[in-house]
Amino acid sequence: MSLRLAVAAALGALALFPLAGRDYYATLMLPFFGYGIALLGLNLLFGTTGLLSFGHALFVALGAYTAAFLTSKLGVLDLEVILMAAAVAGAVIALPTGLLCVRYVRIYFGMLTLAFGMLFYSFLLKFYAVTGGDEGMRVLRPRLLGLAWTSFSKVEFLTGPFYYYSLAVLVLGAVVMWRIVRSPFGLGLRAIRENAGKAEFTGVDVRRYRLSAFVVAAVFGAVGGALLPIPTGLADPLLAYWTHSGNLVFMLLLGGFGNFFGPVLGAFVFIVLQDQVMSITQYWRFVFGAILAVVVVFFPQGLTGLLDRRQRAGT
Amino acid sequence: MLGGVFHAAVLFLVAAGLQLVFGVQKILNLACGSFYALGAYAGVSAVSWALAAGAPPPIFPLVLVGAGLGLALVGPVIERLLRTIYDRDESFQLLLTFALVLMFEDVIRFVWGTAPHQLSSAYLVYGQLRVGGLVIPVYNLVVIAAGGAIAALMGFLLARTRFGRIVRATAENRGMAEAMGVDVSRVYVRVFTLGVALGTVGGALVIPATAAVNEMGIDLIVEAFAVVVIGGLGSMRGAVAGALIVGIMRAVAVATYPEVEMLAIYVVVIAVLVLRPAGLFAKAAA
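Residue numbers (this note's numbering), protein chains in the order written: chain A, 1 to 315; chain B, 1 to 286.
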């Protein structure tokens, strides 16, 4: 299978990449791992279930602040614990918000998720004592697998152990998501996307399925978000701002939401392209806006849709 | 309190543009905040230019409105772009307007730079009014009056004129309007341009009171959006009520508990969406 080959080749390339000694590009890959995980979750909502969230950044920020809170306030440095805590926090917040959000579909769902995202943003911004306000919160270097890696410099740590750790979390996340999408539950979600009324008749509890998808997406968002601030050492409120949610959807669309690997590819291309365009011009937003417009108008199936034309008929 | 009403007048203009476009074209236009920012920057430039030309201060509002209206010329161009996706899913329409937001942000950065632009001199020209212990800048009253006048004008335009009837018919049922001989694509161009004009004029009018900064567009859009949700999507009366609620609530919150300023707005938005998803003043009419 060509897909299996492509995935294996991509994994191999990512695994060997830090050995090439280009530390700059290796650190550039770190946000990709975090975003890749978050987008796998977002795609379960949009690509599989057909709900467009404009507030996914809430959960990314939640994960980032969980990491910040645990490392700098509580002194918990084990990344395994941090990721678990982020997952739990994501689920705990997603349950009540999801209960309200999934009562609506289409544009109202998007608006409600956006409102929740902005609610969290203003909380982060205004409650200075808890969150550090617009200065954000520091995220300390975590311990991986119980080891502190103190003999490593910051760059060595990031391009070495942390790089492989993040890659492993992304692979693990992809495997879990693959199982979810291929399960009867995933099939039910696709049925809801195609025709919610019919799905209901065939015995799918539509609201419950949507809520479950929302919670799973939130958990992935929070876990990805917990990895994001570690390279920079800072979690700031803009992570929850609505334009960040927009960027997440942008990445998803760029890669193609109709394909399982589309979101991961989208995160990769977005980050590499952003780095390249930013080095050429300070007006990278204009270039990106133009790219998004072209993608929306001419290639709604994204890059994976272009690579695999058969996908167009399929989704 | 009056500051709240002032803010509400500006919010109303932007939200009205949002409502109009949503009511007729069924597109939730995220870029209307960008039009607002664009109007603000153009307002600064226009007034500085008028000052240099030796124009007397009392005509500033006219200069500002003129700048706003002139900018509305970008409306037809953008409408042409949006036309490619009218029959597509709402998600794509939302994303295309998000693309516009990103592009306009950099257009503004490119033309006017990143430094804030301010016109404080014009603000004080109008002086202040003392009512009891209160000091009210006269310019705020001018803007409130302008907002009220535009609201009344919009009401008249939509309810009493031939154009308004056609617009309402198109909003109600596009296919039927087309069958009755309405040139729908022309109506769309006009409605969208009008929507843009409301945003740019709103931005231009606010400029003597506050500085034009890069983030003003993306900050305002979420507030305008809150107005629309509270008032009900697609309803003009809702836009007025929503703008007043958000504007005054913000002013009260700033005066009492500054921490909850934005928080309070979103809590109301969520409450409205949950309890009355169609909004407080939901009506089919645009």
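Hint data in this document are derived by calculation from the structure and do not stem from the laboratory.
Mixed in with the good hints, there may be bad ones.
[Claimed, not checked] Heads up, incomplete: computed chain A residues facing chain B, CB under 7 Å, no partners named:
no., residue
1, V105
2, I107
3, F286
4, G289
5, L292
6, V296
[Said to hold, decoys possible] Chain B is nowhere near these chain A residues, computed Cβ spacing over 12 Å in every case:
no., residue
7, A13
8, F17
9, C101
10, R182
11, A191
12, A290
In this text, all values refer to a predicted model and were calculated from it rather than measured experimentally.
Think of the CB as a built atom: it goes at the ideal place given N, C-alpha and C, for glycine as much as any other residue.
Status of each hint after checking the structure:
1. Contact between A:V105 and chain B, as hinted, is not supported at the beta carbon level, the nearest pair being about 10 Å apart and thus beyond 7 Å.
2. With a cut of 7 Å, the hint placing A:I107 at the interface with chain B holds, because the nearest CB-to-CB distance is about 5 Å.
3. For A:F286, the suggested interface contact is upheld, since its CB lies about 4 Å from the closest CB of chain B, less than 7 Å.
4. Contact between A:G289 and chain B, as hinted, is supported at the beta carbon level, the nearest pair being about 3 Å apart and thus within 7 Å.
5. Interface hint status for A:L292: upheld, as the beta-carbon distance to the closest one in chain B is roughly 4 Å, under 7 Å.
6. Using the Cβ-Cβ criterion of 7 Å, the hint placing A:V296 at the interface with chain B is satisfied: the shortest such distance is roughly 5 Å.
7. Against chain B, the non-interface label of A:A13 holds: every CB pair exceeds 12 Å, the least being about 30 Å.
8. No Cβ of chain B comes within 12 Å of the Cβ of A:F17; the nearest lies about 29 Å off, and the non-interface call holds.
9. In this structure A:C101 is not separated from chain B by more than 12 Å, as the shortest Cβ-Cβ distance comes to only about 9 Å.
10. At the 12 Å boundary, the C-beta of A:R182 stays outside the reach of chain B, the nearest C-beta of that chain being 24 Å off.
11. No beta-carbon of chain B is positioned within 12 Å of the beta-carbon of A:A191; the least distance is around 18 Å.
12. Non-interface call for A:A290 relative to chain B: violated, since the shortest CB-CB distance, roughly 6 Å, does not exceed 12 Å.
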